[in-house]
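So the sequence lines, in the order shown, correspond to chains A and B.
Position 118, counted from 1, in the first sequence is what this note's numbering calls 115; the numbers after and before it change by one each time, with no gaps.
Position 42, counted from 1, in the second sequence is what this note's numbering calls 539; the numbers after and before it change by one each time, with no gaps.
Just so you know, the hints here were simulated from the structure itself, not pulled from any lab data.
For every residue, glycine included, the Cβ atom is placed at its ideal position computed from N, Cα and C.
Errors might be hidden in some of the hints.
Said to hold, decoys possible - Simulated crosslink set (DSSO-like; lysine-lysine; CA at most 27 Å straight-line):
| hint | chain 1 | residue 1 | chain 2 | residue 2 |
| --- | --- | --- | --- | --- |
| 1 | A | K165 | B | K567 |
| 2 | B | K567 | A | K52 |
| 3 | A | K165 | A | K288 |
| 4 | A | K266 | B | K567 |
To be verified - Quick list of simulated restraints, FRET-style, between CB atoms:
| hint | chain 1 | residue 1 | chain 2 | residue 2 | range |
| --- | --- | --- | --- | --- | --- |
| 5 | B | V585 | A | L203 | 16 to 22 Å |
| 6 | B | M588 | A | D400 | 35 to 41 Å |
| 7 | B | K611 | A | R434 | 50 to 56 Å |
| 8 | A | H161 | B | K595 | 55 to 61 Å |
| 9 | A | K403 | B | K611 | 33 to 39 Å |
| 10 | B | E548 | A | F174 | 48 to 54 Å |
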Amino acid sequence: MEQQQKQDKTIRKLKKQLKLYMKKVEDLEANARQTISSSDTSMPVRPVHIARKEKEFQGMLEFKEDDTGHLLKNLVVDLKPRGVAVSFTPGLPAFIIFMCLRYADSVNDDRRLSTLLNSTISSIKGVIKRKGNDFEVVSFWLANTCRLMHCLKQYSGDEVFMVHNTAKQNEQCLANFELTEYHQLFGDLAIQIYRQIIKSMENILLPLIIPCMLEHEAEQGVLGSKPTGLRKRSPSCPDEALTVEVLLQRLSFFHTTMSQHGMDSDIIKQVVKQQFYIISAVTLNNLLLRKDMCSWGKGLQIRYNVWQLDEWLSERELSGCGAKETLEPLIQAAQLLQIKKNTEADAKAICSMCSSLTTAQIVKILTLYTPVIEFEERVSNTFITTIKNLLKDRAESSNLMMDAKKIFSVTFPFTPSSVALETIQIPASLNLGFLIRV
Amino acid sequence: MYFCVFFFNTPQPSVVSKVTLFRNLKESSRVAMEFGEESSPALAFEKNAFELTVEDVYDISYVIGRDLLKISSTGEEVSDLQFRIVRVLEMFETLVNKYNLSVEELKMERDNLKAELDRIIREGSSSSGQTGQTVGANQLVVDLNDPNRPRFTMQELKEVLQERNQLKAQLMVAQEELQLYKSGILPQSEPTMVDVDLSTPPATEDSSSTVNEKTTIGKL
């Protein structure tokens, strides 16, 4: 009985507690629901797209100092001058190196900076040394070296070079280091490469100049007294007739390649001028040695070829580069072959016309002059003496030959670029995945 | 008339490394450009897809890059577009290169096999000049007028030999029995006719000899 009562009591007690706890739980749940619903009402009903803020790139490339060798191997030593990545963005290697430079500058690491700069210079030198005969390689690195040099100036913080910068570009100027010494170093490197490019072009052009400019005979009978059936082919190349067209094709190839590499137009113009000088000097020197080249018909042929060269300059919009002027001696020699050479008046005319030829050259041409037509006579000795007398007051060198090896000194005027560094992304084919875009 | 040509020792087609092949291809397309095929960059766009070379792809890259430079404004949008275009062009370069290489390789292999075929035909025809017929290895030329020509198949030969062996064995048995009768071991009754499995005339010969034997036995 007692036990039963006790048990009943316990049961009632437990039931009460249970009810209490149940209520508590209900209250808590209600609260929780309330808080959720209250927060729900503060958010918009439709789902909202959270836009990730676009990361703003600063136009730098993070690299570790140990990566420098790997970087330069892929970007300089092993890089081919023809490829999708480099054709798409001319000067890309220069921009990439400069973006790495900016990073080293931004973290104030002078050792990383100098390692990169010095290794770059030596890598480029190495490439030029090994592949100096490959015109495309040399042209590529001339363009990129100049571009790198221009970048150093453009982002130096020096106001002189910042005239054409955008605001963003001004923000990207080097913050901690001044690299003016390297402007000079890169300038010297560029001169070295320029010399090499002239050499490599010379090697390709030299075998062509004399056959194309002098030896080739045009087929039409209109050019002088050569019979129409006579076709001369250059002995060195039996497959194709070496006409001035072939020479122009080579020049076009050089010009197109340099343009595609992003070479500054100022530099291209200087290269073309140098090319034309070489053509002029080699042709004239050969003319001065060969009797069979000194005829009226040859004079006409040479003038025709020179006219073709001039046309080429106009087509390529290079008329103002000074190339035409280098052809003057050759033009005058050709005119000399055609002009009358009998009277005193003729002698005076010749002397005033041949301002770019030395006395020795004029006399030599007159001596060699071979008339093709029977009734035409050789130039008389008295005529030559008259010429000499008229010219004896000239103060000039007594050189007969032109210096075909002369290279005009080259300048690299500052050419800023409008490329925005923060927009550059590195193409996969360059295998530079270890660089981190910052 | 077709014949089977068997290769005993297949010589390897001349192995040209892929590197040399690639270099030759690149060189020839570059030389073509050098020698003034008037291939200005824009012309690459006009070409038939299957005639493209990697040099054309590079020219295309240059033109597109230059055009994009004209319209590019600052901002990520153009940068991403440029990057994607370059990626596509890189893939394009790989495909064009692979395609041209494969075509060259297949051509070379085909030419090698052709030369191989011609060589073997020539060799074959020079050896079987008299019959005017080309014979492959493991073959025999049979003159149908030759009395000693092979006429029976293997199967037929096997069957005939088996029969002969069987007959020989039965003959031996019959001779043994005869001996026994002669020597009087066996009773002098009608000699049991040996069952001979023959349908050929030799059976008659046998019966006549047994008659003779009978008389001989009778005499004893």
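Hints, verified against the model:
1. A:K165 to B:K567: 18 Å, holds
2. B:K567 to A:K52: Holds, at roughly 25 Å.
3. A:K165 to A:K288: 66 Å, violated
4. A:K266 to B:K567: OK: A:K266 and B:K567 at ~23 Å, within 27 Å.
5. B:V585 to A:L203: 16 to 22 Å: 42 Å, violated
6. B:M588 to A:D400: 35 to 41 Å: Because 52 Å falls outside the window, the suggested range is violated.
7. B:K611 to A:R434: 50 to 56 Å: Since the Cβ atoms of B:K611 and A:R434 sit about 54 Å apart, the hinted range of 50 to 56 Å holds.
8. A:H161 to B:K595: 55 to 61 Å: Check failed, 44 Å falls outside 55 to 61 Å.
9. A:K403 to B:K611: 33 to 39 Å: 57 Å, violated
10. B:E548 to A:F174: 48 to 54 Å: Roughly 51 Å apart at Cβ, these two residues keep to the hinted range, so it holds.
Hints 3, 5, 6, 8 and 9 from the list above are not met by this structure, while the remaining hints are.
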